[in-house]
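If you read the sequences in order, they're chains A and B.
Going left to right, the first sequence walks through residues 1 to 444 as my numbering numbers them.
Going left to right, the second sequence walks through residues 1 to 406 as my numbering numbers them.
By construction, these hints were calculated from the structure, which means they are not laboratory data.
There could be a bad hint or two in this list.
To be verified - Computed cross-link-like contacts, EDC-like style, restricted to lysine to aspartate or glutamate with a CA-CA straight-line distance of at most 16 angstroms:
(1) A:Lys84 with A:Asp123
(2) A:Lys39 with B:Glu205
(3) A:Lys198 with A:Glu79
(4) B:Lys216 with B:Glu205
(5) B:Lys68 with A:Asp292
(6) A:Lys186 with A:Asp123
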Amino acid sequence: MSETLAATSDATVLNGTSGMHTRTEKIAAGLKRRHAVEKRFRAYGLMGIGFAVACVALLFSTIIGNALPGFKETRINLEIEFSKEIIDPEGSNDPNVIRGADFRKIVRDSFFSLFPNVKGRRDRRELAKIISSGSSFILRDMVMDDPSLIGTTQIVALPLSADLDQFYKGGISGEVAESDRRVSDKQIGWLRHLIADKRLESVFNMTLFSAGDSREPELAGIAGAIMGSFYTMIVTLALSFPIGVASAVYLEEFAPKNRWTQLIEVNINNLAAVPSIVFGLLGLAVFLNFFDLPRSAPLVGGMVLALMTLPTVIIAGRAALKAVPPSIREAAFGMGASRWQTIVHHVLPLAMPGVLTGTIIGMAQALGETAPLLMIGMVAFVVDIPGGFTDSATVMPVQIYLWSDAPERAFIERTAAATLVLLGFLVMMNALAVVLRKKFERKW
Amino acid sequence: MSSSVLLLVLAGLTVVGFYLGRSRALASVGGKVRDLHSLPGYYGYAVALWCGVPSFAVFVLWSIIGAKTGHGAPGYAGFAVIIALAVAGLAYAHRQIRPDMKARDGVERVVRIVLITCSAIAILTTVGIILSLIFESFRFFEKVSPIEFLFGLEWSPQTALRADQVGSSGRFGAVPLFAGTMMISLIAMMVAAPVGLLSAIYMSEYAGPKLRATAKPILEVLAGIPTVVYGFFAALTMAPLFRGWGEQIGFEVASESAIAAGLVMGIMIIPFVSSLSDDVISAVPQSLREGSLGLGATQSETIRRVILPAALPGIVGSLLLATSRAIGETMIVVMAAGLAANMTANPFEAVTTVTVQIVTLLVGDQEFDSAKTLAAFALGLVLFCVTLCLNIIAFSVVNKYREQYE
Numbered sequence: 001m002s003e004t005l006a007a008t009s010d011a012t013v014l015n016g017t018s019g020m021h022t023r024t025e026k027i028a029a030g031l032k033r034r035h036a037v038e039k040r041f042r043a044y045g046l047m048g049i050g051f052a053v054a055c056v057a058l059l060f061s062t063i064i065g066n067a068l069p070g071f072k073e074t075r076i077n078l079e080i081e082f083s084k085e086i087i088d089p090e091g092s093n094d095p096n097v098i099r100g101a102d103f104r105k106i107v108r109d110s111f112f113s114l115f116p117n118v119k120g121r122r123d124r125r126e127l128a129k130i131i132s133s134g135s136s137f138i139l140r141d142m143v144m145d146d147p148s149l150i151g152t153t154q155i156v157a158l159p160l161s162a163d164l165d166q167f168y169k170g171g172i173s174g175e176v177a178e179s180d181r182r183v184s185d186k187q188i189g190w191l192r193h194l195i196a197d198k199r200l201e202s203v204f205n206m207t208l209f210s211a212g213d214s215r216e217p218e219l220a221g222i223a224g225a226i227m228g229s230f231y232t233m234i235v236t237l238a239l240s241f242p243i244g245v246a247s248a249v250y251l252e253e254f255a256p257k258n259r260w261t262q263l264i265e266v267n268i269n270n271l272a273a274v275p276s277i278v279f280g281l282l283g284l285a286v287f288l289n290f291f292d293l294p295r296s297a298p299l300v301g302g303m304v305l306a307l308m309t310l311p312t313v314i315i316a317g318r319a320a321l322k323a324v325p326p327s328i329r330e331a332a333f334g335m336g337a338s339r340w341q342t343i344v345h346h347v348l349p350l351a352m353p354g355v356l357t358g359t360i361i362g363m364a365q366a367l368g369e370t371a372p373l374l375m376i377g378m379v380a381f382v383v384d385i386p387g388g389f390t391d392s393a394t395v396m397p398v399q400i401y402l403w404s405d406a407p408e409r410a411f412i413e414r415t416a417a418a419t420l421v422l423l424g425f426l427v428m429m430n431a432l433a434v435v436l437r438k439k440f441e442r443k444w
Numbered sequence: 001m002s003s004s005v006l007l008l009v010l011a012g013l014t015v016v017g018f019y020l021g022r023s024r025a026l027a028s029v030g031g032k033v034r035d036l037h038s039l040p041g042y043y044g045y046a047v048a049l050w051c052g053v054p055s056f057a058v059f060v061l062w063s064i065i066g067a068k069t070g071h072g073a074p075g076y077a078g079f080a081v082i083i084a085l086a087v088a089g090l091a092y093a094h095r096q097i098r099p100d101m102k103a104r105d106g107v108e109r110v111v112r113i114v115l116i117t118c119s120a121i122a123i124l125t126t127v128g129i130i131l132s133l134i135f136e137s138f139r140f141f142e143k144v145s146p147i148e149f150l151f152g153l154e155w156s157p158q159t160a161l162r163a164d165q166v167g168s169s170g171r172f173g174a175v176p177l178f179a180g181t182m183m184i185s186l187i188a189m190m191v192a193a194p195v196g197l198l199s200a201i202y203m204s205e206y207a208g209p210k211l212r213a214t215a216k217p218i219l220e221v222l223a224g225i226p227t228v229v230y231g232f233f234a235a236l237t238m239a240p241l242f243r244g245w246g247e248q249i250g251f252e253v254a255s256e257s258a259i260a261a262g263l264v265m266g267i268m269i270i271p272f273v274s275s276l277s278d279d280v281i282s283a284v285p286q287s288l289r290e291g292s293l294g295l296g297a298t299q300s301e302t303i304r305r306v307i308l309p310a311a312l313p314g315i316v317g318s319l320l321l322a323t324s325r326a327i328g329e330t331m332i333v334v335m336a337a338g339l340a341a342n343m344t345a346n347p348f349e350a351v352t353t354v355t356v357q358i359v360t361l362l363v364g365d366q367e368f369d370s371a372k373t374l375a376a377f378a379l380g381l382v383l384f385c386v387t388l389c390l391n392i393i394a395f396s397v398v399n400k401y402r403e404q405y406e
């Protein structure tokens, strides 16, 4: 603005000597420049928004693009002879005998019979690498579930090993020099033979959703992490919701305005801004070292995350309580209700949609949180799907972190797929919060 | 008998107590509720509280003390004592019931205490954080002097298994970590501050309702994405991208360069800057805008010469809050920044940060008296203090600003 003023005063000085003409000319000339500045400034603002939107687009396209192949896996159809001599030669039907049987031999016998020309130990070992090393466990579980399979021949779709699966999907190009890729020329030849035989098929990757973690990408899944997240979230919800609502009710409805309540308020605001990893350190020092609670357990993870989401729930709860008009309270008091009855019977039900919205948003934050859980040992390599609050477990974001560190290429698409699943859960939770807000929001 | 069975028994007794208390209260006045001091349910709650609270408290205390002293959970004798306590509480409260007993006042007093306790958990958490950080840091400073920690230039926390091994002592000079943290936060702020501010200005001053309705949620999406996803994105896309560009112009870029981590962190904090600044800019009184426009200033002149100076304290506050966010951010740097503590001013090299070192020192099994693990708590203490200071300054600046226009 001072520029404008300067221009005007200049013009006034000039006015004395050369008259009105130059003054308007000068302002008109300045106007053009000023409008150009205006346009540029607007463009900068648009560029800022455009950059942010482009970042969102890039992020999602990268994740989705990497994730899509992860939802497919390649299976190979083999005629498997569940030979009685190998599995259970004495016909004892004893689960321990069946569990200990040499299913690897069954897989190999069937697979090698497709390639009668391949002889020699080295070639055969290379050939065997085409099929997943977990195939024998799949067959074992089939027979354990249904012992009547013994003695029959079935067509079973077994997973390809991750490297070949990547090659088949086009992840590893055949043009790269043989020494630079994990698939040899011979394996490619055999794979072509299998393709010509129409033995390969691309199916939806159920393993990803039914299995726990594994070192072999083709056997790894996020079922364990999903269950871990589920148990952790239950603990978080069970702690942060009641405590958060109670604190909000106290601070908003009961608390006198004094030093103590001011201290609590300042504390809550600060806790909301404390880095999440510090909560992990607190959990490690207090819950694990002082109270000797189990490491890697959803119980402890849930407690740490509850402390972290508490400020979110309290702040949202207070806002919701504040939005209930005082006339409701006064009406209840007028009917002889006590303060507590007024709140429980009238104020809280009206504030509930807001409280729930805040809680859901807090839970979504907790579901995506990783750093504090690393501190309390939820980064363990857990193969089994956890079945309780004190079992060793990991959660979805930690699983993403672990897989993103894995050297195998095939883990990239699985990491992206797991990320997409996590984002899916978050979108659902946020959508629920929006619906709650839209549906039950009341304007007084 | 396991603890869960005991808890079930206690819960059952409590429910029984509620119904017994209520029916006794009703019976004492022959069913005429108006003769009671409180509603009959309150007598039930009073009995239930007498039955459940003391016995449950004893159970919890007993379990904790048992676990600490190595005796484990309470045995059969302990269970018997706890159940007897519950029954005694039930019987005592049941006998107390008279029509003029002030059951509601008593119950509401207990409820109030519960509410106060719940709201005190926020304070307990803060106290717990401070105490645990200070306590463990003191143990660390017994082994390593605070001067070396705060001003030492070399960070190599590997402590050897044998005392006579070469380089067994480990060096705990944290300056390279502070430098790395500052560099990555600075890069992040260089991305987030202009983008966030410009979009906030555009949204609050120029954008029509339609653009606002679409752009705002998109920015909020950035705030809702978990940090581990940003870390994955940084490691998968950004780091190779910068490396590729570097190779094309014959320039060495580390695969875990500070610039990739900083850039992605900047993207992450754009929504913090933009939403906070948006609030602050919207809070500038309309009269200032109208005055400036009335004097003939263009809209951008009004924004740059009137609104931004008026909103400056609030904007500074929001930038400080965003910086504190960047300093404390963990997953992006763990996944995309380096582990080696380099002292460098080159953003294309790998640097490490305070949070990365906390994670690497504490992940995995470790005994709890080595300087290596305790160092993580000292780093945590520094991190907590720095972010706390930034937050307090930011909050007070924003509050003072808000009062100015109210």
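#### Entry: Proposed proximity, Asp292 of chain A with Lys68 of chain B (alpha carbon, max 16 angstroms)
Given that 16 angstroms is the threshold and the Cα spacing comes to 8 angstroms, the pair holds.
### Task
Verify the proposed pairing of Lys186 of chain A with Asp123 of chain A, using a straight-line Cα cut of 16 angstroms.
Distance ~9 angstroms between Lys186 of chain A and Asp123 of chain A Cα, so the pair holds.
### Pairwise hint evaluation, Glu205 of chain B against Lys39 of chain A, where the allowed Cα distance is 16 angstroms at most
holds, 14 angstroms
### Query
Within a Cα-Cα threshold of 16 angstroms, do Lys198 of chain A and Glu79 of chain A meet the stated pairing?
holds, 13 angstroms
### Message
Would the hint linking Lys216 of chain B and Glu205 of chain B be met if the CA-CA limit is 16 angstroms?
### Response
holds, 14 angstroms
### Task
Compare the distance between the alpha carbons of Lys84 of chain A and Asp123 of chain A with 16 angstroms, and conclude whether the hinted pair is satisfied.
Not satisfied, since the Cα-Cα distance of roughly 28 angstroms exceeds 16 angstroms.
Of the numbered hints given earlier, the model fails hint 1 alone.
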